[in-house]
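**Student:** Residue numbers (the working numbering), protein chains in the order written: chain A, 1 to 211; chain B, 1 to 211; chain C, 1 to 211.
There could be a bad hint or two in this list.
[Claimed, not checked] Simulated crosslink set (BS3-like; lysine-lysine; CA at most 25 Å straight-line):
{"id": "1", "chain 1": "A", "residue 1": "32", "chain 2": "B", "residue 2": "91"}
{"id": "2", "chain 1": "B", "residue 1": "32", "chain 2": "C", "residue 2": "91"}
{"id": "3", "chain 1": "C", "residue 1": "91", "chain 2": "A", "residue 2": "32"}
{"id": "4", "chain 1": "A", "residue 1": "91", "chain 2": "A", "residue 2": "32"}
{"id": "5", "chain 1": "B", "residue 1": "91", "chain 2": "B", "residue 2": "32"}
{"id": "6", "chain 1": "C", "residue 1": "32", "chain 2": "C", "residue 2": "91"}
[Unchecked claim] Output of the computed footprint for chain B on chain A, the stretches with three or more beta carbons under 8 Å from beta carbons of chain B:
{"id": "7", "segment": "11–20"}
{"id": "8", "segment": "100–107"}
{"id": "9", "segment": "196–205"}
No lab work stands behind these hints, which were simulated from the structure alone.
Every residue gets a Cβ at the ideal spot worked out from N, C-alpha and C, and that includes glycine.
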Amino acid sequence: MPIADQPTTLVVLDLVGIFVFAISGGLVAVRKELDVFGVLMLAGITGLGGGFLRDVLIGAAPPASLSDWRYLAVPVAAGSLTFLYHPVLAKRETTVNVFDAFGLSVFCVAGALKALDYGLGPVPAALMGMVTGIGGGVVRDLLAGRVPVVFRGELYAIPALAGATVAVVGTRLDLPGNLVTVAAALVCLSWRLLAMFRRWQAPVARGPASV
Amino acid sequence: MPIADQPTTLVVLDLVGIFVFAISGGLVAVRKELDVFGVLMLAGITGLGGGFLRDVLIGAAPPASLSDWRYLAVPVAAGSLTFLYHPVLAKRETTVNVFDAFGLSVFCVAGALKALDYGLGPVPAALMGMVTGIGGGVVRDLLAGRVPVVFRGELYAIPALAGATVAVVGTRLDLPGNLVTVAAALVCLSWRLLAMFRRWQAPVARGPASV
Amino acid sequence: MPIADQPTTLVVLDLVGIFVFAISGGLVAVRKELDVFGVLMLAGITGLGGGFLRDVLIGAAPPASLSDWRYLAVPVAAGSLTFLYHPVLAKRETTVNVFDAFGLSVFCVAGALKALDYGLGPVPAALMGMVTGIGGGVVRDLLAGRVPVVFRGELYAIPALAGATVAVVGTRLDLPGNLVTVAAALVCLSWRLLAMFRRWQAPVARGPASV
C-alpha cells in the first residue's frame with residue numbers, strides 16, 4: 001500500500017482508502033463509547049493496520065506508512081472528524097461504505113503487488129493482498145471487543161481476495177501494470193458493491209453446532 | 001515448524017499438526033456461527049498462527065509457511081471439511097483432541113529448534129517452542145471472542161513448554177537430533193494426553209479476587 | 001526499552017517497569033479467574049508486550065528482551081508473587097498504580113529513543129514510544145477479554161505520547177541525553193500522576209452514537 005516512490009495517483013487512492021477505513025474505525029469507537037484517544041487510535045489502527053500486518057508478515061518492517069507523515073496525518077484527521085461529527089457520518093453510512101469499498105479495492109491490489117515485490121509466491125501474495133484489505137477492520141473489531149464482522153456473513157474478504165488474485169495473475173502474465181491494477185481493483189469494487197446493495201451473504205454451516 | 005529443507009517425516013508430521021489445529025479452529029468458528037469464510041480463516045489462523053507469531057518474533061519473516069503451497073492448502077482442506085462435516089467431527093472430539101496433542105508435540109519441538117537455529121538463547125528458544133504450539137489457539141480464541149482456553153485451567157501450555165525445554169536441553173548437550181526430537185515430542189505428548197484423560201487442571205489463585 | 005549495552009540505571013528502571021506492568025497483568029488474570037499459567041502469561045505479556053510490538057514494527061526482531069534472561073525472569077517473579085499474594089497487592093492498588101506510572105514513563109522514553117536509533121522519523125518515533133508504554137496493557141486487556149482500558153477515559157496514553165515527544169524533540173535538538181531522558185520521563189510521570197489523583201478523564205464523543 002504505502003510505497004514511497006509509487007505514482008501520485010496511487011498515493012492519493014491509498015490515502016483515500018486510509019481515510020475511509022479510519023472513519024469506519026472511528027465510528028465503531030464512538031459507538032463503543034471510547035474516549036477521544038480511543039477514537040483516534042481505532043481510526044489509526046483501522047486505516048493502517050492492514051498494511052502493518054502485511055509488512056510485518058512479509059518482512060518489510062518498519063512499515064512504509066511509518067516513514068511518511070501523510071500516512072499518519074490522514075487517520076488523525078479522519079478520527080478527529082469522526083469524533084466531532086459522528087452523527088452526520090453515521091447517517092451517511094451508505095456513502096461511507098461505498099468509499100470503504102474503494103479503499104478495500106485499492107488496498108487488496110496494492111498489498112498483493114507489494115507482496116510480489118518482496119518475493120512471495122502467487123498464492124501467498126494474493127492472501128497478503130486480502131490481509132492488507134481486511135486486516136485493519138479485523139484489528140478494529142478485536143480492540144472494540146467484537147467478533148470481526150468480516151467473519152460473520154458480510155461478503156467482504158472474498159472480493160478482496162478476488163481482486164488480489166487478479167492483480168497477481170495479471171502481473172505474472174506480464175500484462176501492462178496499469179491495466180492489471182485497474183482491472184483488479186474493479187473486480188473487487190464491483191463484487192463488493194453488488195454484495196452490499198443486493199445483501200449477498202456468505203453461507204453459514206448447516207446442522208447443529210453442538211458440543 | 002515449516003522448514004523447507006527438513007526431512008519428509010517432519011514435513012508430514014508438521015502438516016498433520018496444521019491439519020488438526022485447523023480443524024479445531026474450524027469447529028470453534030462453526031459454533032460461533034461464523035460464515036464459510038470465517039471458518040476457513042479461523043482454520044488457517046489456528047493452523048498457521050503459532051508459526052507466524054514465532055517467525056515474526058524471531059525475525060524470520062516472511063514465515064516459511066507462506067512460501068510452500070502445502071502449508072496453505074492443508075488448512076483450506078481442513079476448514080472445508082469442518083464446514084461440511086462439523087457434526088461428525090464434533091462427535092469425535094476426543095479423537096480430534098488426541099490428534100491435537102500430536103500437533104502440539106510436533107509444533108513445540110520444531111518451534112524450539114527453529115528458534116535455536118536463529119540464534120536465540122535456550123530460555124527464549126523454549127518459550128518460542130511453546131508459542132509455536134499454543135499461539136494458533138490463542139489467536140483463534142481472540143478472533144472468536146473468548147478468553148483463550150489455554151489460560152483457563154486446561155493443561156496445555158505446560159506440556160508444550162516441557163517438550164520445548166527437552167528439545168533445547170538435548171540440542172545443547174549435543175545429543176543425536178532424532179533422539180532429541182522424539183524424546184521431546186513424547187514428553188509433551190504423554191503429559192498432554194495424561195492431562196486430558198485424567199482431567200488435570202492447572203490451579204487457580206485462591207482468595208477473593210476483589211477490586 | 002531493553003537495550004543490552006545501556007547503562008545500569010536504565011536497565012534497573014526498565015526492569016522495575018516490567019515488574020510493575022507484569023503485576024498489573026497478573027492482577028487482571030487473577031480477577032478473570034485464569035489459572036496459574038494464565039497469570040504468568042498475562043504477567044509476561046503485559047510486562048514485555050509493548051517492547052515486543054515496538055520491536056516487531058520497527059524491524060528490530062528478535063526483541064532484545066528475548067536475549068537477556070533478566071527480562072524473562074522479572075515477569076515470572078512478578079506473576080508468581082501476584083498469584084500467591086494477590087489479595088495484598090489488590091489492597092495496595094494505588095501503590096501499584098504509582099509504580100505503573102513510573103513504568104510508563106521509562107517505557108515511553110526508552111521506546112522513542114530506540115525507534116530513533118532505528119532510523120524512524122520524529123512523529124513515528126514518538127508514536128512508537130507511546131506504543132511501548134501502552135502496548136503491554138492493550139494486549140493484556142485483549143487476552144483477558146475486555147476493551148482496553150486505555151481507550152476508555154483513563155488518561156494514560158496521552159502522557160506517554162507527551163513524554164515520548166519530549167524525548168524525540170530533545171534528541172533532535174542535540175540536548176544532553178541524560179537531561180532529555182529525565183525531563184521526558186518527568187513530563188509523562190507528573191501528567192499521569194496528576195490524571196490519576198485528580199481523576200482526569202479524556203472526553204467521550206457527544207451526541208447519540210446511533211446506528
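**Student:** Now, for every hint given, state plainly whether the structure supports it.
**Tutor:** Structure-based check of all given hints:
1. A:32 - B:91: violated, 38 Å
2. B:32 - C:91: violated, 38 Å
3. C:91 - A:32: violated, 30 Å
4. A:91 - A:32: holds, 17 Å
5. B:91 - B:32: holds, 17 Å
6. C:32 - C:91: holds, 17 Å
7. 11–20: violated (count 0)
8. 100–107: violated (count 0)
9. 196–205: As far as the segment 196–205 of chain A goes, the hint holds, because 5 residues have Cβ atoms under 8 Å from chain B.
When held up to the earlier numbered hints, the structure conflicts with 1, 2, 3, 7, 8 and fits the remainder.
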